[in-house]
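Number of protein chains: 2
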Amino acid sequence: MNAVIELLNSHRSIRKFTDQPIPQDTLNTLIQAGQAAATSSFIQACTVIQVNDQDKRNQLVECSGGQAYISQAPVFLVFCADMQRLKLACDMNDADINSGFTEQFITATVDVGLFAQNVTVAAESLGLGICYIGGIRNQIARVSELLDLPELVYPVFGLCLGHPDQNPEVKPRLPVDVVLKQDSYNDNGNQETIADYDKSVREYYQTRTGGNKEMTWSEQMSGMLVKEARPHMLAFLKEKGFLLK
Amino acid sequence: MNAVIELLNSHRSIRKFTDQPIPQDTLNTLIQAGQAAATSSFIQACTVIQVNDQDKRNQLVECSGGQAYISQAPVFLVFCADMQRLKLACDMNDADINSGFTEQFITATVDVGLFAQNVTVAAESLGLGICYIGGIRNQIARVSELLDLPELVYPVFGLCLGHPDQNPEVKPRLPVDVVLKQDSYNDNGNQETIADYDKSVREYYQTRTGGNKEMTWSEQMSGMLVKEARPHMLAFLKEKGFLLK
Numbered sequence: 025m026n027a028v029i030e031l032l033n034s035h036r037s038i039r040k041f042t043d044q045p046i047p048q049d050t051l052n053t054l055i056q057a058g059q060a061a062a063t064s065s066f067i068q069a070c071t072v073i074q075v076n077d078q079d080k081r082n083q084l085v086e087c088s089g090g091q092a093y094i095s096q097a098p099v100f101l102v103f104c105a106d107m108q109r110l111k112l113a114c115d116m117n118d119a120d121i122n123s124g125f126t127e128q129f130i131t132a133t134v135d136v137g138l139f140a141q142n143v144t145v146a147a148e149s150l151g152l153g154i155c156y157i158g159g160i161r162n163q164i165a166r167v168s169e170l171l172d173l174p175e176l177v178y179p180v181f182g183l184c185l186g187h188p189d190q191n192p193e194v195k196p197r198l199p200v201d202v203v204l205k206q207d208s209y210n211d212n213g214n215q216e217t218i219a220d221y222d223k224s225v226r227e228y229y230q231t232r233t234g235g236n237k238e239m240t241w242s243e244q245m246s247g248m249l250v251k252e253a254r255p256h257m258l259a260f261l262k263e264k265g266f267l268l269k
Numbered sequence: 025m026n027a028v029i030e031l032l033n034s035h036r037s038i039r040k041f042t043d044q045p046i047p048q049d050t051l052n053t054l055i056q057a058g059q060a061a062a063t064s065s066f067i068q069a070c071t072v073i074q075v076n077d078q079d080k081r082n083q084l085v086e087c088s089g090g091q092a093y094i095s096q097a098p099v100f101l102v103f104c105a106d107m108q109r110l111k112l113a114c115d116m117n118d119a120d121i122n123s124g125f126t127e128q129f130i131t132a133t134v135d136v137g138l139f140a141q142n143v144t145v146a147a148e149s150l151g152l153g154i155c156y157i158g159g160i161r162n163q164i165a166r167v168s169e170l171l172d173l174p175e176l177v178y179p180v181f182g183l184c185l186g187h188p189d190q191n192p193e194v195k196p197r198l199p200v201d202v203v204l205k206q207d208s209y210n211d212n213g214n215q216e217t218i219a220d221y222d223k224s225v226r227e228y229y230q231t232r233t234g235g236n237k238e239m240t241w242s243e244q245m246s247g248m249l250v251k252e253a254r255p256h257m258l259a260f261l262k263e264k265g266f267l268l269k
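So the protein sequences, as listed, match chains A and B.
Take 25 as the starting number for the first sequence in my numbering and just add one per residue.
Take 25 as the starting number for the second sequence in my numbering and just add one per residue.
Just so you know, not all the hints are guaranteed correct.
No copy labels: a pair is met if it fits in one copy or bridges any two.
Said to hold, decoys possible - With a straight-line Cα cutoff of 25 Å, these simulated SDA-like cross-link-like pairs (lysine to any residue) come out: (1) Lys-80 with Asn-214; (2) Lys-80 with Leu-198; (3) Lys-237 with Gly-151; (4) Lys-237 with Asp-211; (5) Lys-269 with Pro-174.
Worth flagging that the hints you see were computed from the coordinates, not collected in a lab.
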C-alpha cells in the first residue's frame, strides 16, 4: 500500500461543499489529468461542459430529480461522449464517417469513464471532493438541449466538485473474491458471500443513519432492478446517431 | 501540480514487460482500489477475470488480432460488465430483475471504466505498466465462451499488467480548450486548433518511429472511422441480454 492507493481507497461521494471557489487554472489541470488517461485507438472522445450559468444549473437540478448540490457545488461538469469531433476530423480529410456502430458507443463511453476517473483522482489528491451525477440522464433530452449538444454527442454523467463540507464514511464494497475470478466466470459461493456482505451493508446504513435505515445490498439492488430504468434512453441515443447498428 | 497528478500525466501504454511476476496480494490490492471507485447507485457491476491459463492466453491473442503481449504479460485481466450478479441479488429477494434497458448497459459499462482506471492508477503508482486491450472485442463471442461468461455479462476490455521493459514517450493530447467548454457545446475554432494539433502529432510519430510514420491525428481518425467498427457487436450484446429496449 502507498499514499496513492490509500487516496483511492478513501473515496466517498461528497454532496456538501464550502463556498471556496476553484480557480480555473486548477480545473484546467484536472481536465488535463483526465486527458492523460488511455483512450481507445487515440479517439479522445470525451468532451466536458463546465456549467457556470446559474439558470442552467438550476434547470439541471430539475433534470436530475432535485439534487440541489448540482446548483450549489463550486464546479459542475457534464461529461459527454463525443463523436462529433471525430466527424470533424473526417471532414477535414474529405472522409465520410461511418458512425452509428454499437462498438463506437462502447469506446466513446469507456473513454469518458477513464477520463472522468482521472479527473476524480486528481481532484481528490488536492483535497477536493466529488460526486458523480447519473441523474442527469433522467431528462437526458432536456440536458442535451440545454447544453446545445449536437448529433453524435451524449451527456454520460455530471460531476459536482469542490471543497468538502462533510465527512461521510467510506461505503463497504463486495468482498474481492466475488469480483475477481480465476480463468473463467464462476459464481459458486457468490450467494453465501453476498449474504455475509449484506450484513455489513445493513450495519453501515444503521451506523450512518442512526438506525433509521434498515437495508441490505441485495435488498437495495432488487428494489431498484424490478423497475424500469430510464426507458427513454435507447430512442434518445438513436436520435443522436448512436446504437443504430 | 502534485505527485499524484504528475503520475496521471505520465501515463503511456506499456506493451513489453520484464519476467518479474506480480504477487497475488499485490493484484488483490489493485482490484480493491478498483472497487473503491464510485459505482452507479451502488450496483458494483464490474467483474474481473484474471487469465492465468496459458492456452486461454494464446487464444486471447488470436481473438485480439495477434497482440502477443497478451500472452507475455505477467498478468492479464478481462474486465466485464456484470448484471448477472445483480440478477442473483434479485433472486435472493424473490424479485424479478427487469433487465435489458440501454440505461443499465450505460451504468454497467461506466462502472467498469471507473473501476479499471483506478486499477491502472494504483498499478502505475507501484511502478507497474499497463495496456488496455479493446482488441478482445474483435471476437467477443469467442472471448465470452472462453471465459464461460453467462447471460447479462460482457467483456468490455482486457488489461496487460507488469513491470515495464520499455519506456515509450507520453503521447500528446488535444489542447484543453477543445475538450473543455463553457456552458454549452460550441465547436467554433475547433478546426483550426485541431489543424495545429495535427502538426504536433505528426512530429510525435516522426520522432517515435525515426521518421517512418507520417500521420496526423485527423488523418489517423478518418482512416479508421470510414470503416465498419466491429459490426457483430449489437447482435452479440442482445444475445447476452443487453440493449434490448
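Hints and how they fare:
{"no.": "1", "hint": "Lys-80 with Asn-214", "in the structure": "between (44 Å within a copy, 24 Å between copies)"}
{"no.": "2", "hint": "Lys-80 with Leu-198", "in the structure": "neither (37 Å within a copy, 27 Å between copies)"}
{"no.": "3", "hint": "Lys-237 with Gly-151", "in the structure": "neither (29 Å within a copy, 42 Å between copies)"}
{"no.": "4", "hint": "Lys-237 with Asp-211", "in the structure": "neither (29 Å within a copy, 47 Å between copies)"}
{"no.": "5", "hint": "Lys-269 with Pro-174", "in the structure": "both (20 Å within a copy, 23 Å between copies)"}
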